[in-house]
Amino acid sequence: MKQKIAIMEGSHAVAEAVKYCRPQVIAAYPITPQTHIVEALAEMVANCELDCEYITVESEFSALSACLGASAAGSRTYSATTSQGLALMFEVCFNVAGMRLPIVMTIANRALGAPLSIWNDQQDSISLRDSGWMQVYAEDNQEATDLHYLAYRVSENHKVLLPSFVCFDGFILSHTYEPVEMLSQEQVDSYLPAFKPFQRLDAADPISFGMYATPDYYLEFRYETDQAMKRAGKVFGEAGREFGELFGRDYSAPVEGYHLDDADTALVAMGSICGTVKDAIDEMRAAGEKVGLLKIRCFRPFPSEEVRKALSGVSRVAVLDKNISLGAKGAVALEVKDALYGSQIPVLDYIIGLGGRDVRKKDIATVVSLARAGKGDLFYGLRTELI
Amino acid sequence: MPLNVGCSARPGKARANRTGSWRVFKPRFLSEKCTKCGMCRTVCPEGCVSEDEGGMFLADYEYCKGCGLCAEECPAEGILMELEEK
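Note that the protein sequences, when read in sequence, are chains A and B. If you read the first sequence in the numbering used here, its first letter stands for residue 1, the second for the next number, and so on. If you read the second sequence in the numbering used here, its first letter stands for residue 1001, the second for the next number, and so on.
Among the clues, some could well be false.
Claimed, not checked - Reference excerpt, derived from the structure (chain B facing chain A, CB under 8 Å, subset only):
1. Gly1006
2. Ser1008
3. Ala1009
4. Arg1010
5. Pro1011
6. Cys1037
7. Met1039
8. Thr1042
9. Val1043
As the list claims (entries may be wrong) - The following label-pair restraints were derived from C-beta to C-beta distances:
10. A/Lys196 x B/Gly1054: 48 to 58 Å
11. A/Gly356 x B/Glu1084: 17 to 27 Å
12. A/Ser117 x B/Thr1042: 52 to 62 Å
13. A/Tyr218 x B/Thr1042: 28 to 38 Å
14. B/Arg1015 x A/Phe94: 20 to 30 Å
15. A/Gln227 x B/Leu1083: 53 to 63 Å
16. B/Glu1084 x A/Phe94: 27 to 37 Å
17. A/Gly113 x B/Glu1082: 22 to 32 Å
18. A/Gln227 x B/Glu1084: 29 to 39 Å
19. A/Asp216 x B/Gly1038: 28 to 38 Å
20. A/Tyr212 x B/Val1024: 13 to 23 Å
21. A/Phe94 x B/Gly1054: 20 to 30 Å
22. B/Glu1084 x A/Ala204: 42 to 52 Å
To be verified - If you want the ones that stay clear, here's a sample from chain B, every Cβ over 12 Å from chain A, calculated:
23. Val1005
24. Ala1016
25. Leu1030
26. Lys1036
27. Pro1045
28. Gly1055
29. Glu1072
30. Glu1082
31. Glu1084
Everything labelled a hint here was simulated from the structure, so no lab data went into it. A virtual CB, placed ideally from N, CA and C, is assigned to each residue, including glycine.
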């Protein structure tokens, strides 16, 4: 289907996509590098281009709390944040998921302090991996915009009813101008129907959300939320396939292989770094190296089965983690290792690009040679003169 | 009773939480000391003390948390808190 192509800043492309999703309530607090998204949305509301209640709040805790209330009252709601802002939402994130409220929130991924850093890595959203929010990661701004339509579709599905993070790398994507094929309002309307709440706050028919559960009940609530997360994988696949049929970009797969078929060495990565990895692979392939990439689009629910299948033919796996679970490994490597348990395929972890450290094609090539030499489970590119 | 999505509840559903399991000390109501003043029912934060047909007061142990307020406030010192045996 025909779509207009515009050269847009990533944040503005996301804001326009969110506008087409027709959120009824937005509550957000500005924080670098998310600011341009919520600024643009505030302007759309002020200019009557978007019919929406925009709640200005004094903190991220309040922002997500306002969204929680609005969602419970039956509104499609939206917020966006990053880093320290997401950390301040920690408690509310668990409440939103436990109350099964399908809020969609953009995360412009950024490092967490201390030390203070406004630059990109993925520690912020990864640190909320156990909260019950779905997490998808965009490679470029096209994917970042499209994933918002999908996120609302999947979150609001009554088989799922879980909130979503749409993650895209701060600055690297949020502040970069790229061509983006923008759907029209009519196209989005045809894909994303109006929000039908499963249940809602109503003074005429009172109900409370997230009531306390004694030890006789709590375990079962966590089980049911986990089951919903598992169902979300299938619903995401269906929603992604339908998106592909309608608009030509297929998001049915939670992972995507690039030159994996005959690869002996597979890199695994999430987010914008995948673009760099693909360019590096093109160069390595030209030099005769059998290298491939497994891009992880959906981190929660984690597609273990698909990962195992995609990596079954390789001799070694090198995971690029833009996060570190201090005292253990990178979160993605731990998941990949778990998926490949029993297969004898070595999984090597590379903590890379933390706090905005640039990752270039030559770094990817170096990681591949380290992996070939069996050297891994390390911080890549450490400036040893500083330690 | 199956779980409600999002742990939602309609008014009155807190009764499903039988808080009696929290109890460490259990109040024993001594009928020989009771003056039927009803103070124990008045102060019970759980609202689980009620009057029987003979005008005596008793706690519903399905809900009594064993907080001991009734024993503390009883003017006749007619309620003993005893270690729960389970």
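message: Holds or violated: the hint that B/Arg1010 contacts chain A, with Cβ atoms closer than 8 Å.
response: Hint on B/Arg1010: holds, closest Cβ of chain A at ~6 Å, below 8 Å.
message: Given a hint of 27 to 37 Å, does the C-beta separation of B/Glu1084 and A/Phe94 actually sit inside it?
response: The hint (27 to 37 Å, Cβ to Cβ) holds, given that B/Glu1084 and A/Phe94 are roughly 33 Å apart.
- request: Have a go at the B/Val1043 hint: is there a Cβ in chain A nearer than 8 Å to its own Cβ?
  value: 23 Å, violated
field: Cβ separation check - B/Ala1016 to all of chain A, threshold 12 Å
entry: 8 Å, violated
message: So B/Glu1084 supposedly isn't at the interface. Is its beta-carbon more than 12 Å from every beta-carbon in chain A?
response: Non-interface label stands for B/Glu1084: nearest chain A Cβ at 17 Å, farther than 12 Å.
task: Take the C-beta atom of A/Ser117 and the C-beta atom of B/Thr1042, compute their distance, and say whether it sits inside 52 to 62 Å.
output: This hint holds: roughly 59 Å between Cβ atoms.
query: Does B/Ala1009 meet its interface restraint, that is, does its C-beta lie within less than 8 Å of any C-beta in chain A?
result: 4 Å, holds
query: Between B/Glu1084 and A/Ala204, is the Cβ distance one that fits in 42 to 52 Å?
result: This hint holds: roughly 43 Å between Cβ atoms.
Agreement of hint B/Thr1042 with chain A interface, Cβ distance less than 8 Å: Violated. Min distance 26 Å.
- prompt: Per the hint of 13 to 23 Å, is the separation of the Cβ atoms of A/Tyr212 and B/Val1024 within bounds?
  reply: Since A/Tyr212 and B/Val1024 have Cβ atoms about 20 Å apart, the given range 13 to 23 Å holds.
field: Interface hint compliance - B/Pro1011 to chain A, C-beta minimum distance less than 8 Å
entry: Holds: closest Cβ of chain A sits about 6 Å from B/Pro1011, inside 8 Å.
Interface restraint verdict for B/Met1039 against chain A (beta-carbon cut-off 8 Å): This hint is violated: B/Met1039 lies away from chain A, its Cβ roughly 29 Å from the closest one there, beyond 8 Å.
When each numbered hint is compared with the structure, violations occur for hints 6, 7, 8, 9, 11, 15, 17, 21, 23 and 24.
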